[in-house]
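Listed in order, the protein sequences are those of chains W, X, C, P, A and Y. Residue numbers for the first sequence, in our numbering: 1 to 136. Residue numbers for the second sequence, in our numbering: 1 to 136. Residue numbers for the third sequence, in our numbering: 1 to 136. Residue numbers for the fourth sequence, in our numbering: 1 to 136. Residue numbers for the fifth sequence, in our numbering: 1 to 136. Residue numbers for the sixth sequence, in our numbering: 1 to 136.
Take the hints with a grain of salt, since some may be wrong.
Because identical chains share one entry, a pair is satisfied inside a single copy or across any pair of copies.
Computed cross-link-like contacts, BS3-like style, restricted to lysine-lysine with a CA-CA straight-line distance of at most 27 Å [as the list claims (entries may be wrong)]: (1) Lys65 / Lys108; (2) Lys45 / Lys108; (3) Lys65 / Lys26; (4) Lys2 / Lys65; (5) Lys68 / Lys108; (6) Lys26 / Lys68; (7) Lys2 / Lys26; (8) Lys65 / Lys120; (9) Lys26 / Lys120; (10) Lys45 / Lys26; (11) Lys108 / Lys26; (12) Lys120 / Lys2.
Just so you know, these hints were derived from the structure itself, not from any lab.
Protein chains: 6
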Amino acid sequence: MKASVIRIANFNAAHRLFRSDWSDEKNRDVFGLCSNPNFHGHNYKLEVNVTGDIDPETGFVLDLKLLKEMIDDEVMEPFDHRNLNRDTEEFQRLNPTAENIAAVIWQKLRQRLDARYGLKIRLHETERNVVEFDGR
Amino acid sequence: MKASVIRIANFNAAHRLFRSDWSDEKNRDVFGLCSNPNFHGHNYKLEVNVTGDIDPETGFVLDLKLLKEMIDDEVMEPFDHRNLNRDTEEFQRLNPTAENIAAVIWQKLRQRLDARYGLKIRLHETERNVVEFDGR
Amino acid sequence: MKASVIRIANFNAAHRLFRSDWSDEKNRDVFGLCSNPNFHGHNYKLEVNVTGDIDPETGFVLDLKLLKEMIDDEVMEPFDHRNLNRDTEEFQRLNPTAENIAAVIWQKLRQRLDARYGLKIRLHETERNVVEFDGR
Amino acid sequence: MKASVIRIANFNAAHRLFRSDWSDEKNRDVFGLCSNPNFHGHNYKLEVNVTGDIDPETGFVLDLKLLKEMIDDEVMEPFDHRNLNRDTEEFQRLNPTAENIAAVIWQKLRQRLDARYGLKIRLHETERNVVEFDGR
Amino acid sequence: MKASVIRIANFNAAHRLFRSDWSDEKNRDVFGLCSNPNFHGHNYKLEVNVTGDIDPETGFVLDLKLLKEMIDDEVMEPFDHRNLNRDTEEFQRLNPTAENIAAVIWQKLRQRLDARYGLKIRLHETERNVVEFDGR
Amino acid sequence: MKASVIRIANFNAAHRLFRSDWSDEKNRDVFGLCSNPNFHGHNYKLEVNVTGDIDPETGFVLDLKLLKEMIDDEVMEPFDHRNLNRDTEEFQRLNPTAENIAAVIWQKLRQRLDARYGLKIRLHETERNVVEFDGR
Numbered sequence: 001m002k003a004s005v006i007r008i009a010n011f012n013a014a015h016r017l018f019r020s021d022w023s024d025e026k027n028r029d030v031f032g033l034c035s036n037p038n039f040h041g042h043n044y045k046l047e048v049n050v051t052g053d054i055d056p057e058t059g060f061v062l063d064l065k066l067l068k069e070m071i072d073d074e075v076m077e078p079f080d081h082r083n084l085n086r087d088t089e090e091f092q093r094l095n096p097t098a099e100n101i102a103a104v105i106w107q108k109l110r111q112r113l114d115a116r117y118g119l120k121i122r123l124h125e126t127e128r129n130v131v132e133f134d135g136r
Numbered sequence: 001m002k003a004s005v006i007r008i009a010n011f012n013a014a015h016r017l018f019r020s021d022w023s024d025e026k027n028r029d030v031f032g033l034c035s036n037p038n039f040h041g042h043n044y045k046l047e048v049n050v051t052g053d054i055d056p057e058t059g060f061v062l063d064l065k066l067l068k069e070m071i072d073d074e075v076m077e078p079f080d081h082r083n084l085n086r087d088t089e090e091f092q093r094l095n096p097t098a099e100n101i102a103a104v105i106w107q108k109l110r111q112r113l114d115a116r117y118g119l120k121i122r123l124h125e126t127e128r129n130v131v132e133f134d135g136r
Numbered sequence: 001m002k003a004s005v006i007r008i009a010n011f012n013a014a015h016r017l018f019r020s021d022w023s024d025e026k027n028r029d030v031f032g033l034c035s036n037p038n039f040h041g042h043n044y045k046l047e048v049n050v051t052g053d054i055d056p057e058t059g060f061v062l063d064l065k066l067l068k069e070m071i072d073d074e075v076m077e078p079f080d081h082r083n084l085n086r087d088t089e090e091f092q093r094l095n096p097t098a099e100n101i102a103a104v105i106w107q108k109l110r111q112r113l114d115a116r117y118g119l120k121i122r123l124h125e126t127e128r129n130v131v132e133f134d135g136r
Numbered sequence: 001m002k003a004s005v006i007r008i009a010n011f012n013a014a015h016r017l018f019r020s021d022w023s024d025e026k027n028r029d030v031f032g033l034c035s036n037p038n039f040h041g042h043n044y045k046l047e048v049n050v051t052g053d054i055d056p057e058t059g060f061v062l063d064l065k066l067l068k069e070m071i072d073d074e075v076m077e078p079f080d081h082r083n084l085n086r087d088t089e090e091f092q093r094l095n096p097t098a099e100n101i102a103a104v105i106w107q108k109l110r111q112r113l114d115a116r117y118g119l120k121i122r123l124h125e126t127e128r129n130v131v132e133f134d135g136r
Numbered sequence: 001m002k003a004s005v006i007r008i009a010n011f012n013a014a015h016r017l018f019r020s021d022w023s024d025e026k027n028r029d030v031f032g033l034c035s036n037p038n039f040h041g042h043n044y045k046l047e048v049n050v051t052g053d054i055d056p057e058t059g060f061v062l063d064l065k066l067l068k069e070m071i072d073d074e075v076m077e078p079f080d081h082r083n084l085n086r087d088t089e090e091f092q093r094l095n096p097t098a099e100n101i102a103a104v105i106w107q108k109l110r111q112r113l114d115a116r117y118g119l120k121i122r123l124h125e126t127e128r129n130v131v132e133f134d135g136r
Numbered sequence: 001m002k003a004s005v006i007r008i009a010n011f012n013a014a015h016r017l018f019r020s021d022w023s024d025e026k027n028r029d030v031f032g033l034c035s036n037p038n039f040h041g042h043n044y045k046l047e048v049n050v051t052g053d054i055d056p057e058t059g060f061v062l063d064l065k066l067l068k069e070m071i072d073d074e075v076m077e078p079f080d081h082r083n084l085n086r087d088t089e090e091f092q093r094l095n096p097t098a099e100n101i102a103a104v105i106w107q108k109l110r111q112r113l114d115a116r117y118g119l120k121i122r123l124h125e126t127e128r129n130v131v132e133f134d135g136r
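Work out the full structure: start from the sequences and follow the hints.
In structure tokens, the structure reads:
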């Protein structure tokens, strides 16, 4: 019997939409205000959805304490209260759009999570802009 | 690498559940208070979910400015602060249930959106009543 | 020992900002889209805040069952799934702005509530527009 | 034309994560604070998602009044303001994890719902812990 | 220059509305389902509002780390994942209505907080029932 | 007859808690992660509460279009998608704590708003940290 468990976490980060191989003007043309050279920021709300069999012994798909630890290690510690462009390795050259942030988080958690589980990410950048990534 | 982007919009509209080929009594029997002849209304919350490849150049599935423009043209302009039964062409004869509103919005946005994208609609009529439509 | 209890209710209504002694043009000039002659509507979220002594016997300021009944009688029954301009007595000539709706609800509940209680109303018309009324 | 309708309900219940065939110590080791012998509790938020054809006559997938009645009978009446471990038959021996509660609710509603409909359950145990169950 | 800072915390607890000097019947008559002998429970959402001068050196009314520690000590540790009637000293004889819980939390935090600060408590028992207490 | 109207707006900004007359070490000691030299950021949610007489002619305390324009000019244009420390004049030397941001917004709007109105600001920095400022 399969179920999904979803753990929600929040992190607050600065970022800038930016390609270093483009001029400031082109960055501004394509990314608008989101390309402000001094950065802006968001309260990112992350939903990590893990699908698997319900363990008949515990009634858990996965102990949420373990899932919370993975999220703390892979997302909260490196991204919370950071500048995504400057303080992280992943976004040195990768543009930190919500799509790319979700994909990076998915890849980091995928490596930590046993292969028998399915994994989907939902990331809210603002109340009105949300992305989903599931590794397809 | 595929992702989904979701853009959220709100519109405030009056409507009445009603079939013009039924008597007022039958409308009342089937649709209850929702068939009040003088209309009632809702703050509709719309989630437009677009799935596609993440463009490696921009890191976007789709520029949300473009998606917002489509939603403004196809949904906000014709439906916001309107009476769905009286002020729109689509619901002259089609009963404006949440299911039908979602289907109509899907069809309007489907025509605007490049065929390579997937499209799903989620429409909240109240805090407790929600519908989903994806063109199946 | 004084406390406040807040009961929250939701009603869905159509309305139109409109003064019958003004021309349609003037109504449009002053009230914009909100004056659409065919009405629009909202999910109104109402917060009724009652202040009083905590009864040492029950630990209640007021039994919320009683407060819910008052709200059902005075607000839900006459306003939910109605057209405020057409289906209610109060807004035949009074413009149903959020301010006026809150004031009317306050007056109706004030008459039902024992004089020893304080009463405040908070009414959310949309996620971004809210009013407060406390009888001052 | 297929759509999904989602009805949301809330119930407030006490529970304890617990296996009667384990010692109190082992329950505590595995389930932590959630195994407190005197119980703790939650405001569970339930989303019932029903998929089916939009009836061309009514514009409904399903009359939400009927869905609300099923939820009232199968979930609200037996679970709301109850102790899941003590006051229900289902959790006498089944550990009331969110996963198991969602599966039990799915099974109860599945029996009531016509076979032509699809059924999915989403259950929020807290603001940060959510589960999904769809009978797979 | 005075401001208020509000820190929000959540705790999950079981309780029962109950007076030990009343019969079970009378408890049932007055408190209804809330008096279920096996308890029910809630996700309580707590807002702690502290008013004081903005410290010109730090720009803080109060370091929220300190406020969080007080809330952890006085509320989270004793109340979270507990049965308020059984596992706490305060509600051995005091009926754990939302009003009384708010008053108890206010008194506990008042003792920890320097006298120069104002203190108000807002406690959400459910999405629809909220109380406020400020020591008047 | 007095009422309050509340208009809600959201802006996304980067900031750093920081005093230029303190060493980096001291900033780090006092402000912790919030003092990250590369900045972090938030989705700030702003509630502007204006109190005044309900105009008997319009039923408005204040036309919310005008209030929205003031917020756009004084808050959205200078703060949204900005770095508060670097891109604004106000926070060149003033530490951009939530308290100080609320006070600055209050002062800017106070100058725009007719003296007959009362003004209060509520600013949500995260889901759990909120401040209020009313000019006292």
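Verification of the supplied hints:
{"no.": "1", "hint": "Lys65 / Lys108", "in the structure": "within (18 Å within a copy, 29 Å between copies)"}
{"no.": "2", "hint": "Lys45 / Lys108", "in the structure": "within (17 Å within a copy, 30 Å between copies)"}
{"no.": "3", "hint": "Lys65 / Lys26", "in the structure": "between (45 Å within a copy, 16 Å between copies)"}
{"no.": "4", "hint": "Lys2 / Lys65", "in the structure": "within (19 Å within a copy, 30 Å between copies)"}
{"no.": "5", "hint": "Lys68 / Lys108", "in the structure": "within (14 Å within a copy, 31 Å between copies)"}
{"no.": "6", "hint": "Lys26 / Lys68", "in the structure": "between (40 Å within a copy, 22 Å between copies)"}
{"no.": "7", "hint": "Lys2 / Lys26", "in the structure": "between (48 Å within a copy, 25 Å between copies)"}
{"no.": "8", "hint": "Lys65 / Lys120", "in the structure": "both (18 Å within a copy, 25 Å between copies)"}
{"no.": "9", "hint": "Lys26 / Lys120", "in the structure": "neither (33 Å within a copy, 32 Å between copies)"}
{"no.": "10", "hint": "Lys45 / Lys26", "in the structure": "neither (29 Å within a copy, 30 Å between copies)"}
{"no.": "11", "hint": "Lys108 / Lys26", "in the structure": "neither (31 Å within a copy, 32 Å between copies)"}
{"no.": "12", "hint": "Lys120 / Lys2", "in the structure": "both (15 Å within a copy, 12 Å between copies)"}
The structure does not agree with the numbered hints 9, 10, 11 stated previously, though it agrees with the rest.
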